[in-house]
Structure formats: structure tokens, C-alpha cells
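Starting from the structure of chain A, add chain B where the hints point.
Protein sequence lines, in the order shown, are assigned to chains A and B.
Per numbering that gives the first Met the number 0, the first sequence starts with residue 0, numbered consecutively.
Per numbering that gives the first Met the number 0, the second sequence starts with residue 0, numbered consecutively.
Just so you know, these hints were derived from the structure itself, not from any lab.
Incorrect hints may appear among the rest.
Just a few of them, taken from the derived set where beta-carbon distance is under 7 angstroms, the chain B residues facing chain A [said to hold, decoys possible]:
| hint | residue |
| --- | --- |
| 1 | 4 |
| 2 | 5 |
| 3 | 8 |
| 4 | 11 |
| 5 | 106 |
| 6 | 109 |
| 7 | 110 |
| 8 | 117 |
| 9 | 118 |
| 10 | 120 |
| 11 | 127 |
| 12 | 128 |
| 13 | 138 |
| 14 | 143 |
| 15 | 164 |
Cut-off 20 angstroms, straight-line C-alpha distance, at most; resulting in silico cross-link-like pairs (EDC-like, lysine to aspartate or glutamate) [said to hold, decoys possible]:
| hint | chain 1 | residue 1 | chain 2 | residue 2 |
| --- | --- | --- | --- | --- |
| 16 | B | 170 | B | 26 |
| 17 | B | 170 | B | 159 |
| 18 | A | 29 | A | 139 |
| 19 | B | 167 | B | 136 |
| 20 | A | 137 | A | 163 |
| 21 | A | 137 | B | 38 |
| 22 | A | 29 | A | 81 |
| 23 | B | 160 | A | 73 |
| 24 | A | 137 | A | 154 |
| 25 | A | 29 | A | 161 |
| 26 | B | 160 | A | 56 |
| 27 | A | 137 | B | 45 |
| 28 | B | 167 | A | 42 |
| 29 | B | 160 | B | 136 |
Using N, Cα and C, we set each Cβ at its ideal position, and we do this for glycine too.
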Amino acid sequence: MSSPWVSDDKRELLRHTVATLAYRGGKAIKNAPPDFKDFRVSDGARTPGEILAHIGDLLDWALSIASGKQTWHDSTPLPWDDECARFFAGLQAFDAYLASDSPLAASAEKLFQGPVADALQHVGQINILRRAAGGPIKGENYFRAEIEAGRVGSDQSSQRIEFD
Amino acid sequence: MSTEDKRALLGHFLAALAYRTQKALRDAPDDFGSFLMAEGVRTPAELVRHMTSVLGYARTHFIGGHYWPEALSSFDEEIVRFHEMLGTLAQHLRNGDELLDGMTEERLLQGPFSDAMTHAGQLALLRRLAGAPVPPENFIVAEIRPDRLGRDQANPVSPDKVWPEAPKDWKP
Chain A
0 MSSPWVSDDK RELLRHTVAT LAYRGGKAIK NAPPDFKDFR VSDGARTPGE ILAHIGDLLD
60 WALSIASGKQ TWHDSTPLPW DDECARFFAG LQAFDAYLAS DSPLAASAEK LFQGPVADAL
120 QHVGQINILR RAAGGPIKGE NYFRAEIEAG RVGSDQSSQR IEFD
Chain B
0 MSTEDKRALL GHFLAALAYR TQKALRDAPD DFGSFLMAEG VRTPAELVRH MTSVLGYART
60 HFIGGHYWPE ALSSFDEEIV RFHEMLGTLA QHLRNGDELL DGMTEERLLQ GPFSDAMTHA
120 GQLALLRRLA GAPVPPENFI VAEIRPDRLG RDQANPVSPD KVWPEAPKDW KP
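This is chain A alone, in the form it adopts within the complex:
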């Protein structure tokens, strides 16, 4: 992969996307029903635990691409709480790289269209499985949500405009 120059502006907006993933993903996995990790809606469909593990793999992949040492690893799902912690750790590691002065080995566009967009899509899948499993999350006006670049841990804002 080439080493394109990436403007600070695009890098910052990519960080905002990562923060959005933290906020939306954090909401999808928080207060999940008991046994949600292993909820399988049909044969051949991934369970939420498998999807979350895959998101963790995508974040590891994103960091490896950004740092120019692209590697992929299929991980075995961890217990739910551990996998949630891995999710935020992956976000923090990727965001820390984006926030650093280290060069990006891929464009912001490629990083977005690959692992980041993939992870957002999988968050949507966890949301729909929450509904099918009887523990739906509330809708929200996300455009007013307190999302900011760098806020990528489990401590997301509780100031939310949610719909019943």
C-alpha cells in the first residue's frame, strides 16, 4: 500500500468517526440482555459475541493498516464484558495512532471505507439483534449527541436525547 499524505483535517474527521463508533457501539453493547452474547437468530448468522469479536479484529486491522504493517487475525470471542473492554481498547489504540504525529500508511478514505465503515455496519447489526432478542436500545437524536474526537472509551456522555 502506498504512503499517501493525509491532511490534518481529514485525520481529525476520521478521529471524529472513530469517536462516533465508540458512542454508537458503546450504546449497542451496554446493558445487553443476559445471554445476549450467544443469541443466534438463525443458523449461519453470527451471534452478537461473534460480531463484537469481529469488530475488535477490524479495529486491530485498522491500526495495522494505518501503521503500515497490515495484518488480519480472526479471534475467538471472549466473555461479553471482556469483549466489550477489548472493543474500547481497540478504539483507543487506533485513535491514539491517529492523534499522534506518526504517518498514516493509507489514506483517510481507505481507512474509512474499509474497517471503520465495516465496524459501523456491524454496530447496526448488533442493534437489530438487540431488538430481536427482546432488549432493544432506544432511538436517539445522534446529531445532538456529545461526541468528540478522542472520547473513545467506555465513559461516553450520558447527556442523551433519546426517544421512547
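Quick look at chain B alone, frame taken from chain A:
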């Protein structure tokens, strides 16, 4: 921060949304639009309309007013309207049109744009549940271009050669 650079990246976001949505819809079974996973879960046709709705909401931050799309009579028409909305919204970005009422590029991204992307993921899940899953690919090398927002999206550049959950009749 440069608005031009931010808008370029948002334009690419919309292109990725077009590509990924079409991947989830291309060659779907004829009755996929009305597939009901469970009570209370949107059908694919309802999801596409909702995606159009959130993007139309984003557009109101350029032109004012409200947007609330009525249900169309066919899934095909819903898909056409969705891509038209993508194109219209992208044009506002390319034109450099002013955002109204304190809206920012970041809020567009975290709100309606990301909303639509999560729903595109749901379409892909519904494809699997409807018995016609979408083959995986390496999206980082996919041919995604900001000027390609219509229904006619590129085929995968790097489809996966291994697909553990593939249907029995799948050929790499």
C-alpha cells in the same frame, strides 16, 4: 479545520454508503423488500426508506424545511429514490453550500450519515436471514469513488476466497 477537506471526506462517506448498500441489495431475492425478520423489526423496504429519510433530514440542513418521505409502491422505487437522495446531498457538499442553523460537518457525520451506514449493515444481515447472504470482500481496495453514487456500483476488486458461512452453491 478546512471545510473543503472535511467535505471531501464526507463525500467519500456517501460513496462508501452507496457501494455498501448496493452490495447488500444487488441480486437480492425478488421478495427481499418485504422480508420480515421479526415483529417490530423494519423490512428492507422500510429500512431503505428510513435511510432516505435520514439523508433527507441531513439535506434540510442545507435547504431548510422538513423531509418525510412517503412509502413508495415498490422496493425498486425506494432504492431509486435512495440513490437520488445520495446524489443530491453529495452535490450540496461539492458545491460548498452553507450549512444552516449551526450544523457542522462533524454532526452530519455522527448523525444521519452514520445512521444510514448502520442501517446498510442491517440490510446485509437481513440478506443472510432471507437465505441469500452477501459474499465478503476486502473493502479497503474496493472501487469506491465520490462521483459514483448511483445504483451501478463496481463489482468487488478483492472478493474473499474463503467464506466459511457460504451457501452450498457458492463458487469463489
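These are the hints, each one checked on the structure:
Given hint, residue 4 of chain B at the interface with chain A, holds; its Cβ is 4 angstroms from that chain's nearest Cβ, closer than 7 angstroms. Annotation: residue 5 of chain B was flagged as interfacial toward chain A, and the flag holds, the nearest CB pair being 5 angstroms apart, inside 7 angstroms. Below 7 angstroms, beta-carbon pairs count as interface contacts, and residue 8 of chain B has one with chain A at about 5 angstroms; its hint therefore holds. The interface hint given for residue 11 of chain B holds, since its Cβ lies 5 angstroms from the closest Cβ of chain A, which is under the 7 angstroms cut-off.
Because the beta carbon of residue 106 of chain B sits about 5 angstroms from the nearest beta carbon in chain A, less than 7 angstroms, this interface hint is met. A least Cβ separation of about 4 angstroms between residue 109 of chain B and chain A falls short of the 7 angstroms threshold, and the interface hint therefore holds. Hint status for residue 110 of chain B relative to chain A: holds, with the closest Cβ pair at about 3 angstroms, below 7 angstroms. With its C-beta approaching chain A no nearer than about 3 angstroms, residue 117 of chain B sits inside the 7 angstroms limit, and its interface hint holds.
Because the closest C-beta pair between residue 118 of chain B and chain A is about 6 angstroms apart, less than 7 angstroms, the hint holds. For the restraint placing residue 120 of chain B at the interface with chain A, the shortest Cβ-Cβ distance is roughly 3 angstroms, inside the 7 angstroms limit, so the hint holds. Annotation: interface hint on residue 127 of chain B holds; nearest CB of chain A at approximately 6 angstroms, less than 7 angstroms. The closest approach between the C-beta of residue 128 of chain B and any C-beta of chain A is roughly 6 angstroms, which is under the 7 angstroms cut-off, so the hint is satisfied.
Because the beta carbon of residue 138 of chain B sits about 5 angstroms from the nearest beta carbon in chain A, less than 7 angstroms, this interface hint is met. For residue 143 of chain B, the interface hint holds, the least distance from its beta-carbon to any beta-carbon of chain A being 5 angstroms, beneath 7 angstroms. Here the hint on residue 164 of chain B is kept, as its CB sits about 5 angstroms from the closest CB of chain A, short of 7 angstroms. For the given pair, residue 170 of chain B sits about 15 angstroms from residue 26 of chain B by alpha-carbon distance, which is consistent with the 20 angstroms threshold.
A threshold of 20 angstroms between alpha carbons decides the hint, and for residue 170 of chain B with residue 159 of chain B the separation of about 11 angstroms falls inside it, so the pair holds. For the hint pairing residue 29 of chain A with residue 139 of chain A, the CA-to-CA distance comes to about 15 angstroms; that is within 20 angstroms, so the pair holds. Of the supplied pair hints, the one linking residue 167 of chain B and residue 136 of chain B holds, its CA atoms being roughly 18 angstroms apart against a limit of 20 angstroms. Simply put, residue 137 of chain A and residue 163 of chain A have alpha-carbon atoms about 6 angstroms apart, close enough for the 20 angstroms limit, and the pair holds.
For the hint linking residue 137 of chain A to residue 38 of chain B, the alpha-carbon distance of about 16 angstroms falls within 20 angstroms, and the restraint holds. Between residue 29 of chain A and residue 81 of chain A the alpha-carbon distance is near 13 angstroms, which keeps this suggested pair within the 20 angstroms criterion. Restraint check: the Cα-Cα separation between residue 160 of chain B and residue 73 of chain A comes to about 15 angstroms, which is no more than 20 angstroms; the hinted pair holds. For the hint pairing residue 137 of chain A with residue 154 of chain A, the CA-to-CA distance comes to about 18 angstroms; that is within 20 angstroms, so the pair holds.
With a C-alpha separation of about 15 angstroms, the suggested pairing of residue 29 of chain A with residue 161 of chain A holds against the 20 angstroms cut-off. Between the alpha carbons of residue 160 of chain B and residue 56 of chain A the distance comes to roughly 19 angstroms, so the proposed pair stays at or under 20 angstroms and holds. For the given pair, residue 137 of chain A sits about 18 angstroms from residue 45 of chain B by alpha-carbon distance, which is consistent with the 20 angstroms threshold. For the suggested pair residue 167 of chain B and residue 42 of chain A, the alpha carbons sit about 13 angstroms apart, so the restraint of at most 20 angstroms is met.
For the proposed pair residue 160 of chain B and residue 136 of chain B, the alpha carbon gap of about 9 angstroms is at most 20 angstroms, so the pair holds.
Taken one by one, the earlier hints all hold for this structure without exception.
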